[in-house]
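Listed in order, the protein sequences are those of chains Y and F.
Counting from 1 along the first sequence, just add 407 to a position and that's the residue number in the working numbering.
Counting from 1 along the second sequence, just add 407 to a position and that's the residue number in the working numbering.
Hints may be right or wrong, so weigh each one.
Copies of the same chain look alike in the list, so a pair counts if it works inside one copy or between any two.
Claimed, not checked - Pairs of lysine to any residue residues, derived as SDA-like cross-links and limited to a Cα-Cα distance of at most 25 Å, are as follows: (1) Lys676 x Asn593; (2) Lys535 x Asp693; (3) Lys676 x Gln591; (4) Lys410 x Arg661; (5) Lys546 x Arg685; (6) Lys409 x Gly531; (7) Lys601 x Lys676.
In short, the hints are calculated from the structure, not lab data.
Here's the letter readout for the chains.
2 protein chains.
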Amino acid sequence: MKKLKIGLVQQSCCEEPQLNIEKSLQGIRKLAAQDAELIILQELHCTTYFCQTENTDNFDLAEEIPGPVTQQFAAVAKELAVVLVVSLFERRAAGLYHNTAVVLEKDGTIAGIYRKMHIPDDPGYYEKFYFTPGDLGFKPIVTSVGNLGVLVCWDQWYPEAARLMALAGADMLIYPTAIGYDPQDNDQEQQRQKESWLTIQRSHAIANGIPVISVNRVGYEADPSGNTAGTQFWGGSFVAGCQGEILKQAEAERDEVLCAEINLEQTEKVRRIWPFFRDRRIDQYDDLGKRFRD
Amino acid sequence: MKKLKIGLVQQSCCEEPQLNIEKSLQGIRKLAAQDAELIILQELHCTTYFCQTENTDNFDLAEEIPGPVTQQFAAVAKELAVVLVVSLFERRAAGLYHNTAVVLEKDGTIAGIYRKMHIPDDPGYYEKFYFTPGDLGFKPIVTSVGNLGVLVCWDQWYPEAARLMALAGADMLIYPTAIGYDPQDNDQEQQRQKESWLTIQRSHAIANGIPVISVNRVGYEADPSGNTAGTQFWGGSFVAGCQGEILKQAEAERDEVLCAEINLEQTEKVRRIWPFFRDRRIDQYDDLGKRFRD
Numbered sequence: 408m409k410k411l412k413i414g415l416v417q418q419s420c421c422e423e424p425q426l427n428i429e430k431s432l433q434g435i436r437k438l439a440a441q442d443a444e445l446i447i448l449q450e451l452h453c454t455t456y457f458c459q460t461e462n463t464d465n466f467d468l469a470e471e472i473p474g475p476v477t478q479q480f481a482a483v484a485k486e487l488a489v490v491l492v493v494s495l496f497e498r499r500a501a502g503l504y505h506n507t508a509v510v511l512e513k514d515g516t517i518a519g520i521y522r523k524m525h526i527p528d529d530p531g532y533y534e535k536f537y538f539t540p541g542d543l544g545f546k547p548i549v550t551s552v553g554n555l556g557v558l559v560c561w562d563q564w565y566p567e568a569a570r571l572m573a574l575a576g577a578d579m580l581i582y583p584t585a586i587g588y589d590p591q592d593n594d595q596e597q598q599r600q601k602e603s604w605l606t607i608q609r610s611h612a613i614a615n616g617i618p619v620i621s622v623n624r625v626g627y628e629a630d631p632s633g634n635t636a637g638t639q640f641w642g643g644s645f646v647a648g649c650q651g652e653i654l655k656q657a658e659a660e661r662d663e664v665l666c667a668e669i670n671l672e673q674t675e676k677v678r679r680i681w682p683f684f685r686d687r688r689i690d691q692y693d694d695l696g697k698r699f700r701d
Numbered sequence: 408m409k410k411l412k413i414g415l416v417q418q419s420c421c422e423e424p425q426l427n428i429e430k431s432l433q434g435i436r437k438l439a440a441q442d443a444e445l446i447i448l449q450e451l452h453c454t455t456y457f458c459q460t461e462n463t464d465n466f467d468l469a470e471e472i473p474g475p476v477t478q479q480f481a482a483v484a485k486e487l488a489v490v491l492v493v494s495l496f497e498r499r500a501a502g503l504y505h506n507t508a509v510v511l512e513k514d515g516t517i518a519g520i521y522r523k524m525h526i527p528d529d530p531g532y533y534e535k536f537y538f539t540p541g542d543l544g545f546k547p548i549v550t551s552v553g554n555l556g557v558l559v560c561w562d563q564w565y566p567e568a569a570r571l572m573a574l575a576g577a578d579m580l581i582y583p584t585a586i587g588y589d590p591q592d593n594d595q596e597q598q599r600q601k602e603s604w605l606t607i608q609r610s611h612a613i614a615n616g617i618p619v620i621s622v623n624r625v626g627y628e629a630d631p632s633g634n635t636a637g638t639q640f641w642g643g644s645f646v647a648g649c650q651g652e653i654l655k656q657a658e659a660e661r662d663e664v665l666c667a668e669i670n671l672e673q674t675e676k677v678r679r680i681w682p683f684f685r686d687r688r689i690d691q692y693d694d695l696g697k698r699f700r701d
């Protein structure tokens, strides 16, 4: 069996980026000590989830890639000989920013980057203000541990993104994410939302016969504007196998490092019994490129 | 609230088509008595799941649409003033057959048909032998109770099919299906498969913000060829709401009629908080029309 040990760092974040980075690095070290070869951080792990408000000062949090933060993580990737997936607020040019995942190889080089393609915008998630939609397409990043189908947060709701990664040979799907409850929603609505989040991501594993790894933020963050009740990030980071089965899942309420093993030979087996790729009606899918079929 | 009562008929089938039809009609009457306005039968409910073997004699089971079976169901639709979704083995011409869902209006007329687009072929599910892939595309059928996104069984594994129906204005997705355990699989594998089946269909509700109704066959059917251990159809027909939440689910092991209420106004509400349609990257989806991105 071609097994791969992977690690997930689920953490709460504070206002001081360097403290968040230290916490991430600590998690990475713990996971490397458990022999994880691929370690994944949550979305925008260096900062609080600053998109709760639209504030031009927050662009100060962005940096070029590579830049000092990339270098810090690259040094650790090299030191520990692990592949790292980090999630940064990228400054590409003045007035041009992205929500970008950076994949660092075991030698500390950049294996590739992915710029978040689907950008949300909801009360408390004002991402369209901060992030230009990605222009690199849906392309797996080739690494020594496999072809990584890295997507980010809002992308997780789009079967199209998962499919395009799988069709391009992704060995697994990876979602750094930052999603939580609106404290003003009732308990039933909160549970439905979290269950939806879990279900849609598990479904991408099923539809494509590849593992899914999702790493989510945890902890409560107040809304600096006071306009909303803030967000209670729901943690629950998880690893699902090729049939969508949950292999491991983190708690909802606390920092946690999670080590799990995935079996990369399972894709071959599952796609033999469920050969969904064989039967796609590509002659009839043109309208997927339409906004609406009206 | 714009509520709609729907009914599902989950049944085991025997070798005698007219007995299966009588059982379906009994179920329909029970559900109409509970004020269901839309009643859905499982895949190929008139017969056993004859696709367990490849046998040319089985083409005798097919009939034209409309034909005597369509007429029997149409008469009941009219008598009870319900919309019916039935699933027939369609003889379109000599040597040309389809797996076809027929939607009957409350006045007994045919509102539309859907010919199964994705055709499986696995040991025990030799559908490519029997059914030509549908040529009518993914188009909701307009009825007095809403636009029905009718798909059939294997289609349920394809997010593309669900999306195309939703983009064309489907108010709900409907899957008549016939799926079960291979008795030779161990319990863990059986449970993973059933859970996958449930999860992928719930995910279509989530991705598209519309209810999903799935009606599955139940009971054990031996393989006439003796080549396999037969199939234990796993029942578990269900109705999910617009966030993929299970509203009602039938048992795994017995005939059952299930009456559930869906709220068609929920789509508007859910799509406001989760505006996935707004953010689809249609500029980047061209490769969904490729077999593989190699």
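Structure-based check of each hint:
1. Lys676 x Asn593: between (42 Å within a copy, 15 Å between copies)
2. Lys535 x Asp693: This pair counts as between: shortest inter-copy Cα distance 24 Å, intra-copy 28 Å.
3. Lys676 x Gln591: between (45 Å within a copy, 16 Å between copies)
4. Lys410 x Arg661: neither (28 Å within a copy, 40 Å between copies)
5. Lys546 x Arg685: both (21 Å within a copy, 22 Å between copies)
6. Lys409 x Gly531: neither (42 Å within a copy, 30 Å between copies)
7. Lys601 x Lys676: between (30 Å within a copy, 17 Å between copies)
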